[in-house]
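Asker: Chain residues, written in single-letter form:
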Amino acid sequence: MDRRRLFAGIASIGIAVRVAAADAPDPAAAERQYRVARRLAAEGSPKAAEAFREALRLAPAGPLADDALVEEALLFGLPTFPDELGRLDADKARAAETLLRRVVTELPASDRAAEARFRAALLGIEAGGDLAQARVEMLTVAGIAGSPWSAPARYAVARIDEREGSDDRATAAYQRLSIDRPGTSEALRARAGIARILLRRGRYGEAAAWLQEAIDDGLPESTGASILRDLAVRGVRRAASPAWRWEAAVPETLVAEGFRNVQALVPGPGAGLLAVDRKGGAIVTLDPSGKPLDRVALEEPAAVAADPFGRVYAVAGDSVYRLGGGEAREIAALQRGYGASSLAVDDGGRIFVLDRKGEHLVRAVPDGEPVAIREFESVVTGIAWDGRRLVAVEERGGRLFAIDPDGPAASDATIASTGIKRSGSLSVDPSGAILVADPKAGEGVLVDASGNPIDRFRLSPETGKRLGAAAVTGAGTLAFVDASRGGLEVVR
Amino acid sequence: MTRAIRLVVAAFLVASQARAQGEAAPTPPNEPAAMLAAAEAELAALRIDAALARVEALLSRQDLDDERRVEALVIRAKAHAADNKLAATEEDYRNILTLRPDWTPTQELAAPKLVQRFEKVRAATVGSVQVKVKPVDATVFVDDRPRTVAPDGTLRVLAGDRRFRIERRGFDPAEAMGKVEPGGTFDLAADLVPNSRPTRIVTDVPGVEVRLGDRLLGVTARSAEGDEPLGGAEEAELVVEEMPLGPRTLLLSKPCFRPRTLPVSMSADLLDRTPVRVEAPPMEPSRGTVRFVGGSAAARLVIDGEDLGAVPAEATTLCAGPRRVEVRAGGRSVFAASIEVSEDAERIVPIVATPSLALVGTEDRPPALASVAASMTVRATLPLPRGADLRRPEGWDAVSLPADVDLAAAVVPAADPADPPTLLLMSPILRTVERLTVPLESGARPVWRVPWFGLRVADDGAVVRVVEVVPGSPAAAAGIAAGDVLSAIDGRSVGRSRDARAALAAAGLDVPSPLTVVSPGAAPRVVPVVPAASPYLDPGRAQAGADAVLAAFAAVDALASDKDASSASANLALALARAGRYERAAEVWSRVVWPERPGIGPGTAAYHRGVALSRLGQERETEAREALVKARGSAATTRDDGGPAVAPAAADHLADLGVGPS
Numbered sequence: 001m002d003r004r005r006l007f008a009g010i011a012s013i014g015i016a017v018r019v020a021a022a023d024a025p026d027p028a029a030a031e032r033q034y035r036v037a038r039r040l041a042a043e044g045s046p047k048a049a050e051a052f053r054e055a056l057r058l059a060p061a062g063p064l065a066d067d068a069l070v071e072e073a074l075l076f077g078l079p080t081f082p083d084e085l086g087r088l089d090a091d092k093a094r095a096a097e098t099l100l101r102r103v104v105t106e107l108p109a110s111d112r113a114a115e116a117r118f119r120a121a122l123l124g125i126e127a128g129g130d131l132a133q134a135r136v137e138m139l140t141v142a143g144i145a146g147s148p149w150s151a152p153a154r155y156a157v158a159r160i161d162e163r164e165g166s167d168d169r170a171t172a173a174y175q176r177l178s179i180d181r182p183g184t185s186e187a188l189r190a191r192a193g194i195a196r197i198l199l200r201r202g203r204y205g206e207a208a209a210w211l212q213e214a215i216d217d218g219l220p221e222s223t224g225a226s227i228l229r230d231l232a233v234r235g236v237r238r239a240a241s242p243a244w245r246w247e248a249a250v251p252e253t254l255v256a257e258g259f260r261n262v263q264a265l266v267p268g269p270g271a272g273l274l275a276v277d278r279k280g281g282a283i284v285t286l287d288p289s290g291k292p293l294d295r296v297a298l299e300e301p302a303a304v305a306a307d308p309f310g311r312v313y314a315v316a317g318d319s320v321y322r323l324g325g326g327e328a329r330e331i332a333a334l335q336r337g338y339g340a341s342s343l344a345v346d347d348g349g350r351i352f353v354l355d356r357k358g359e360h361l362v363r364a365v366p367d368g369e370p371v372a373i374r375e376f377e378s379v380v381t382g383i384a385w386d387g388r389r390l391v392a393v394e395e396r397g398g399r400l401f402a403i404d405p406d407g408p409a410a411s412d413a414t415i416a417s418t419g420i421k422r423s424g425s426l427s428v429d430p431s432g433a434i435l436v437a438d439p440k441a442g443e444g445v446l447v448d449a450s451g452n453p454i455d456r457f458r459l460s461p462e463t464g465k466r467l468g469a470a471a472v473t474g475a476g477t478l479a480f481v482d483a484s485r486g487g488l489e490v491v492r
Numbered sequence: 001m002t003r004a005i006r007l008v009v010a011a012f013l014v015a016s017q018a019r020a021q022g023e024a025a026p027t028p029p030n031e032p033a034a035m036l037a038a039a040e041a042e043l044a045a046l047r048i049d050a051a052l053a054r055v056e057a058l059l060s061r062q063d064l065d066d067e068r069r070v071e072a073l074v075i076r077a078k079a080h081a082a083d084n085k086l087a088a089t090e091e092d093y094r095n096i097l098t099l100r101p102d103w104t105p106t107q108e109l110a111a112p113k114l115v116q117r118f119e120k121v122r123a124a125t126v127g128s129v130q131v132k133v134k135p136v137d138a139t140v141f142v143d144d145r146p147r148t149v150a151p152d153g154t155l156r157v158l159a160g161d162r163r164f165r166i167e168r169r170g171f172d173p174a175e176a177m178g179k180v181e182p183g184g185t186f187d188l189a190a191d192l193v194p195n196s197r198p199t200r201i202v203t204d205v206p207g208v209e210v211r212l213g214d215r216l217l218g219v220t221a222r223s224a225e226g227d228e229p230l231g232g233a234e235e236a237e238l239v240v241e242e243m244p245l246g247p248r249t250l251l252l253s254k255p256c257f258r259p260r261t262l263p264v265s266m267s268a269d270l271l272d273r274t275p276v277r278v279e280a281p282p283m284e285p286s287r288g289t290v291r292f293v294g295g296s297a298a299a300r301l302v303i304d305g306e307d308l309g310a311v312p313a314e315a316t317t318l319c320a321g322p323r324r325v326e327v328r329a330g331g332r333s334v335f336a337a338s339i340e341v342s343e344d345a346e347r348i349v350p351i352v353a354t355p356s357l358a359l360v361g362t363e364d365r366p367p368a369l370a371s372v373a374a375s376m377t378v379r380a381t382l383p384l385p386r387g388a389d390l391r392r393p394e395g396w397d398a399v400s401l402p403a404d405v406d407l408a409a410a411v412v413p414a415a416d417p418a419d420p421p422t423l424l425l426m427s428p429i430l431r432t433v434e435r436l437t438v439p440l441e442s443g444a445r446p447v448w449r450v451p452w453f454g455l456r457v458a459d460d461g462a463v464v465r466v467v468e469v470v471p472g473s474p475a476a477a478a479g480i481a482a483g484d485v486l487s488a489i490d491g492r493s494v495g496r497s498r499d500a501r502a503a504l505a506a507a508g509l510d511v512p513s514p515l516t517v518v519s520p521g522a523a524p525r526v527v528p529v530v531p532a533a534s535p536y537l538d539p540g541r542a543q544a545g546a547d548a549v550l551a552a553f554a555a556v557d558a559l560a561s562d563k564d565a566s567s568a569s570a571n572l573a574l575a576l577a578r579a580g581r582y583e584r585a586a587e588v589w590s591r592v593v594w595p596e597r598p599g600i601g602p603g604t605a606a607y608h609r610g611v612a613l614s615r616l617g618q619e620r621e622t623e624a625r626e627a628l629v630k631a632r633g634s635a636a637t638t639r640d641d642g643g644p645a646v647a648p649a650a651a652d653h654l655a656d657l658g659v660g661p662s
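First to last, the protein sequences are chains A and B.
The first sequence begins at 1 in my numbering and counts up by one.
The second sequence begins at 1 in my numbering and counts up by one.
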């Protein structure tokens with residue numbers, strides 16, 4: 001071996017050693033790096049994610065590997081409760097879930113494995129997720145005795161059951177949390193869960209009490225419990241005295257003006273409203289008092305709806321948009337010239353669009369072709385997701401019926417015949433009560449989830465007002481547009 | 001000395017030595033008695049020099065009392081006599097008579113020669129005193145030494161100037177100086193003047209304390225068997241030897257009787273010294289009525305240390321005056337108080353069980369515990385154990401806590417004296433130790449029953465709306481309906497549901513609370529509503545030490561109160577479960593017996609017991625299932641009668657155990 005080759009050989013060995021050293025786990029360095037990353041995360045630094053990744057790279061199987069992965073996922077702003085879902089967009093949710101799944105699969109014995117499994121499963125409840133799989137994972141975490149994630153997981157199981165319509169099972173789990181874990185966030189939220197189920201069953205008084213007690217004990221306002229409480233108390237009042245019913249000439253109150261061009265009004269997030277201003281080319285978000293909060297420009301807007309997580313969708317022209325941050329982002333396309341008159345989005349993120357003529361119902365598919373759901377024999381004037389079902393109303397006679405999007409037309413079920421001569425719109429409050437309005441007759445009827453009439457509204461001709469778009473809000477008030485003057489009026 | 005004298009002395013000494021050996025226990029050789037015995041032994045063996053040496057050694061001791069000194073001198077006199085040193089013997093007699101003027105040689109030594117010598121010495125040294133004093137049993141002191149007067153009234157004393165003092169209780173003492181001539185006779189005469197009178201105080205009952213001012217004169221008693229019977233069957237007496245002359249007021253007292261005063265006026269009687277009989281007025285019983293409220297059927301009432309049996313449900317009669325009341329249950333004291341029983345008014349004594357507190361490393365109740373420690377009895381104060389880590393429950397094994405301590409507080413000094421000490425709260429019941437950094441909430445004594453109206457409220461704008469009224473509840477019976485506005489409670493307006501709930505929770509049990517309600521379209525009306533008493537299960541508080549305190553109170557109330565025993569036990573079980581002691585919790589739950597009733601009932605106990613059992617693994621799973629199935633089939637609630645239903649929660653637990661819906 002000549003000297004040059006010898007040197008080359010030595011040099012190559014040296015490089016190999018350096019490479020090996022660079023790849024070798026270095027737990028001490030990883031710990032130092034992890035501390036830096038955590039500091040950056042606390043400061044909200046955009047470099048935090050990279051810092052966590054570096055910590056993981058330094059010791060991929062080290063004691064802080066799970067922490068690095070979970071903490072990096074948390075940078076996305078992960079929810080802790082199912083009630084907080086809907087604030088991540090799909091890309092971020094997927095990215096976070098990928099990190100968390102690595103902990104579950106690669107580091108199953110780590111001390112943050114339960115948390116990772118819980119958080120990953122929670123992201124799975126997001127729109128389009130596999131609820132059954134998420135429930136199994138949540139049950140797994142719930143069964144880990146002594147884990148701090150056991151109670152949140154049990155709450156999530158109950159929430160899934162509630163969403164799936166398994167009210168008894170959900171009530172059982174909620175009740176268990178409220179008894180066994182008193183004073184915890186999960187117990188407070190569980191009490192609100194019990195109240196939601198009671199509301200759907202028309203047991204307003206109990207629901208109001210559960211909600212009020214949970215609010216008094218610290219249930220966060222962000223859960224919307226106060227709005228639900230108001231809705232429940234309204235139910236109590238309505239049942240206690242005819243004087244508190246809309247039909248007892250409860251006066252309407254003008255809360256805002258400038259709504260002459262509003263074509264449709266639907267319940268918005270919280271107790272607010274969403275208005276379609278077709279001529280003005282915008283979707284307007286209103287607070288419960290009628291004050292505009294947000295205005296998103298859209299050409300030829302036709303319909304708007306909020307999903308159960310508070311995300312707002314709209315149809316304009318032949319496209320479906322997701323609204324947020326003052327912008328509209330197209331997420332799906334409809335058939336050319338399909339038009340739209342009504343929109344509904346379910347818990348799973350499925351978007352249903354009723355065509356302009358009220359004859360066709362399709363499901364808009366992101367990045368795909370719309371899927372035909374129904375072709376109606378009678379004209380349908382509105383659809384809405386009532387929390388459990390896709391409900392629709394026929395124009396003539398105001399027949400309310402539930403549509404099973406996964407089944408044939410024969411599986412659709414009549415809920416009630418409202419007696420409305422010519423229904424114009426449909427809206428649902430959080431208790432599942434459905435308002436069907438007949439603008440032409442200047443009247444509306446409110447039925448409960450089972451179709452039993454709860455209240456009725458009639459705009460007296462003497463007032464000189466003309467009923468335009470109308471909706472029941474999250475707090476149970478009736479909002480409508482006086483088409484003759486363009487005012488937004490509310491019946492409390 | 002003649003041989004005859006020697007032999008007599010030796011024979012006498014041998015005999016007396018043998019007596020001494022048979023009578024007395026061995027004494028240390030340096031003791032005077034031993035030295036005397038040794039000297040006598042030497043003398044008996046006719047070792048004269050040795051005997052004298054021992055006696056001299058003894059007489060040289062400064063600590064020798066007069067009696068021993070006389071004995072030593074007597075031996076020396078015998079030794080000198082045996083050695084035929086009669087002059088020395090005379091000198092010994094002189095020394096003896098100086099110390100004991102009435103001494104005479106024993107008959108055994110009455111050798112004529114010696115007797116003559118002795119009489120000669122005595123005639124030159126001692127004189128006689130003829131004592132003539134009244135009363136005759138007075139004590140005569142000569143130069144401050146008490147002397148015994150012979151039956152014929154004579155007293156031998158050392159010749160010279162002597163000081164005489166005559167004393168007797170009940171008389172003023174008398175003093176006299178006199179010169180006693182050797183061989184002469186001195187007359188000592190005195191009539192003492194009485195200053196008190198023996199008195200026999202007779203009471204109609206025995207055991208009466210008789211006081212003169214602050215001085216206890218004695219307690220009257222029945223005459224002993226065989227004595228002359230007193231007047232009545234119960235009559236008793238106290239003889240006071242020296243009742244001061246003049247008017248006096250005696251105070252007579254006896255437990256359970258009214259105190260009496262007894263005026264007496266004693267006058268001197270030189271002729272009659274028999275006790276004057278004074279009859280006290282009849283002692284009148286003094287009793288009061290006491291009603292004990294609370295307590296359990298198993299609890300026993302102990303008054304002034306006497307077990308009176310079960311705590312009476314009705315008012316009971318006790319002796320008036322200060323009484324010490326104790327209630328014992330479960331083999332331990334659960335309540336103790338000092339009460340004043342009065343004849344005038346019935347006294348109500350609520351039996352509120354008090355847990356036992358042990359203080360470790362301090363003798364004072366720590367201020368942070370003040371709110372609860374005031375309701376506890378300090379059972380023990382103990383030192384801090386050395387080297388034990390009291391922050392861990394195991395560390396407390398080094399502390400000898402008494403068995404019935406319900407709560408222990410340790411004050412552990414900081415390493416740096418400038419830092420405040422650490423206050424640790426240990427629950428022997430829960431086996432937990434918590435560090436107390438903030439004072440426990442005031443009024444931390446837990447309640448086991450709460451008022452239940454059967455209505456629930458919610459905020460409705462600016463008013464509080466009744467949103468639910470339970471059928472059959474006190475609120476329903478009062479005509480309150482869902483939809484009404486609740487505007488005031490007990491005259492105080494309520495603007496928020498939180499305030500309304502707090503006011504309802506603070507209402508008195510079994511007393512009407514005026515609720516102001518406004519029904520739709522109607523004027524406000526005030527409705528008196530008597531709330532039902534609902535058992536209460538504390539959901540637990542986050543504050544450190546809260547569960548330890550709760551467990552302490554629950555432990556004693558479970559024993560001491562029939563009314564609250566089950567609720568107290570239930571709360572104890574909940575606290576045990578919160579502390580992770582599931583087995584013990586399940587055991588306590590099995591003792592909770594609630595009747596079938598709306599709200600809290602057997603289903604409640606079954607639920608919580610089932611949950612505790614389900615934490616104990618496979619072995620107890622069958623029991624857990626059975627309990628939870630029972631709970632699932634019940635209409636019971638938890639927390640209180642209006643609380644959440646246990647049935648759905650039980651169903652969820654059962655699902656975890658693989659049991660589907662029934």
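Some hints could be false.
Claimed, not checked - Computed, partial: chain A to chain B, Cβ under 7 Å:
#, residue
1, Gly86
2, Ala172
3, Gln175
4, Ala208
5, Asn261
6, Leu323
7, Gly326
As the list claims (entries may be wrong) - Pairwise CB distance ranges (calculated):
#, chain 1, residue 1, chain 2, residue 2, range
8, A, Glu84, B, Asp389, 56 to 64 Å
9, B, Pro350, A, Asp216, 50 to 58 Å
10, B, Ala374, A, Asp216, 29 to 37 Å
The hints are simulated quantities; they were obtained by calculation from the structure and are not laboratory data.
Built from N, CA and C at the ideal position, the CB exists for glycine as well.
Asker: Hint by hint, note whether the structure agrees.
Answerer: Structure-based check of each hint:
A cut of 7 Å between beta carbons decides the hint on Gly86(A): the least distance to chain B is about 27 Å, and the hint is violated. A least Cβ separation of about 4 Å between Ala172(A) and chain B falls short of the 7 Å threshold, and the interface hint therefore holds. For Gln175(A), the shortest C-beta to C-beta distance to chain B is roughly 4 Å, which falls under 7 Å, so the interface hint holds. Restraint check, Ala208(A) versus chain B: the minimum CB separation of about 4 Å is within 7 Å; hint holds.
At its closest, the beta carbon of Asn261(A) sits 33 Å from a beta carbon of chain B; the interface hint therefore is violated under the 7 Å criterion. Given the 7 Å rule on beta carbons, the hint for Leu323(A) is violated: about 32 Å separates it from the nearest Cβ of chain B. With a cut of 7 Å, the hint placing Gly326(A) at the interface with chain B is violated, because the nearest CB-to-CB distance is about 33 Å. Between Glu84(A) and Asp389(B) the C-beta distance comes to about 43 Å, which lies outside the given range of 56 to 64 Å.
Separated by about 33 Å at the C-beta atoms, Pro350(B) and Asp216(A) break the suggested range of 50 to 58 Å. Between Ala374(B) and Asp216(A) the Cβ separation comes to about 31 Å, which falls inside the hinted range of 29 to 37 Å.
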